[in-house]
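Residue-level listing of the chains:
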Amino acid sequence: MIINHPLLGPRDSEEFVYLGAADLINRPSNWEHDASAEDFYQYQYIRENVAGDHRELWYHEQGDQSWLVVTRNTLSHEIINVELAQDVSRGIGRGK
Amino acid sequence: MSDYELVVESALDGAEHEFEGVTVSEVVGKSLVMVALPRSKFTEIESSMTKSCGLSLPGMERSTQSKDSSITLWRLQKNQVLAYFSYEGNDAEVNIANRLNAPAYYTDQSDTWAMIRVNGPRSRDVLERICPIDLSKNVFSVGNVSRTIMEHIGTIIYRDDDDSYVLLTMRSFGVSMLHAIEVSAKNVL
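Here the protein sequences line up with chains A and B, keeping their order.
With the numbering used here applied, the first sequence covers 189 to 284.
With the numbering used here applied, the second sequence covers 19 to 207.
Chain B with its partners taken away, still in its complex shape (with noise of 0.2 angstroms):
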């Protein structure tokens, strides 16, 4: 055994900034397993989740969410979905394989994405500046969810309400996305 034990930190140290009509803030408490499909299994995960939790598979760039509402489902491949769902322990892997009790493959990535919130009436104003993807109200409608590029970065696009979306960016350019975000903000409003 160590003798020392390892800290979580988040990626961007809780930030949150207020604008008027919008609030750009860290998501915190919140944890990411990639769930691999495989082809041969699709039917049987799908009846071990809806079993387990309620839940069925989205189509693509959909969610679906548990009946307690605890866990989300985003469908950004074919053949895998990412559980995002309120968890803050070391092993979040396991958690998710237990609540799922589905026969897939299950990775942790929280740790290597950073989380961030838009949100208010004008998140969108402040958005489609640096977002290639149409966020008309009736086209990226709630619970939608596209993994795209913003400022050259992989980045996931969730709108989680009616204005709010949450963003992820690799953990390493969490500071500098945030950066874009507010500078954004400052052109816009």
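Bound conformation, chain A alone (with noise of 0.2 angstroms):
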């Protein structure tokens, strides 16, 4: 499998290491509230199981160390789009 890195062009998958679906972004922040507890337990735990085009966390572990957000297709293993996790993030607004 080969991911189209942002920065570095096609690079094998082999160089990479999978986290996991890219909500893993989306920390609560309201870690100081009571409602925290069940917002936590959805995001440490709680996963959609896509047949389909997945948001997923990869890591260039053996390449540049950076975070990449990458949307695969689960059925086909097709890769639809490659982005660097930092402007994912800022995208929505969170911070570094």
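No lab work stands behind these hints, which were simulated from the structure alone.
Small disclaimer: the values here were computed from a predicted structure and weren't measured.
We put the CB at the ideal spot given by N, CA and C, even for glycine.
One thing to keep in mind: the hints can contain errors.
As the list claims (entries may be wrong) - Footprint (simulated), chain B over chain A, 3 or more residues, beta carbon under 8 angstroms:
no., stretch
1, 219-230
2, 257-269
To be verified - The following residues of chain B were derived to be distant from chain A, with all beta-carbon distances above 10 angstroms:
no., residue
3, THR41
4, LYS85
5, TYR105
Join the two chains into one complex using the hints; note that each chain is given alone, in its own frame.
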């Protein structure tokens, strides 16, 4: 499987480590509120089991050590889109 | 003061092997220092380096050279460069910090890497069996540098001339990497 890195071009997936769904970027920020237990439960454990396009986090460990958000079709393994996780995170108004 | 002195030993004991069309040899006489670039100081660092040695910050997976060609910078990550330069002393970190004269953070990595040069007209034939990166002449051009894996171990590859590649791997893996390159050479040539 080839991942088309936004900065480095096409690289073998062997260089990467897979983490899981890209939802992990959305860490709840209300940790001091009573409702946060439920939010963190959702954040930590509840995942969609998608049969189709799935956004997920990959880490370029044997490369430039960047985190990527890869959109992959779980049925065909086709990779539809690759973005820097940093850009995705900033795009939704999160910090650095 | 101690009454003994540590003597530098190269990782591969100066190994050099000739094959038909390819020479595999250890790179000696070079030092390697990581230069970490704090995000807020990119511009300041670049202008200091330009002033002191005529160096600019390279783009991702590219390299730049100082005016006298003695220092090469490799950009393998956004927030750091590796300085690859001719120097044999024990204080490479101080030496490069003084030469660049830029407000970055320096870490000497010279002795932690084994450096192997593969050169000759058939070098690409030997490397393509162990390197997952496209080494075609026009894709991986002179001055390109990449960090990837070879033999399942993190390896840096740098093209410093038309038919010349420098491979860096962790020192403890150096002998095995040399072996892997030689096996590839024997299989191909």
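Cross-check of the supplied hints:
1. For the stretch 219-230 of chain A, the assignment as covered by chain B is violated, since 0 residues bring a beta-carbon within under 8 angstroms of that chain's beta-carbons and 3 are needed.
2. Only residues whose C-beta sits within less than 8 angstroms of a C-beta in chain B count toward coverage, and the stretch 257-269 of chain A has 0 of them, not enough to reach three; the restraint is violated.
3. Non-interface status of THR41 (chain B) relative to chain A is upheld: no Cβ of that chain comes within 10 angstroms, the nearest being about 27 angstroms off.
4. Its beta-carbon lying about 27 angstroms from the closest one in chain A, LYS85 (chain B) satisfies the requirement of being farther than 10 angstroms from that chain.
5. With a minimum CB-CB distance of about 26 angstroms to chain A, TYR105 (chain B) clears the 10 angstroms threshold, and the non-interface call stands.
When the structure is compared with the earlier hints, violations turn up for hints 1 and 2 and for no others.
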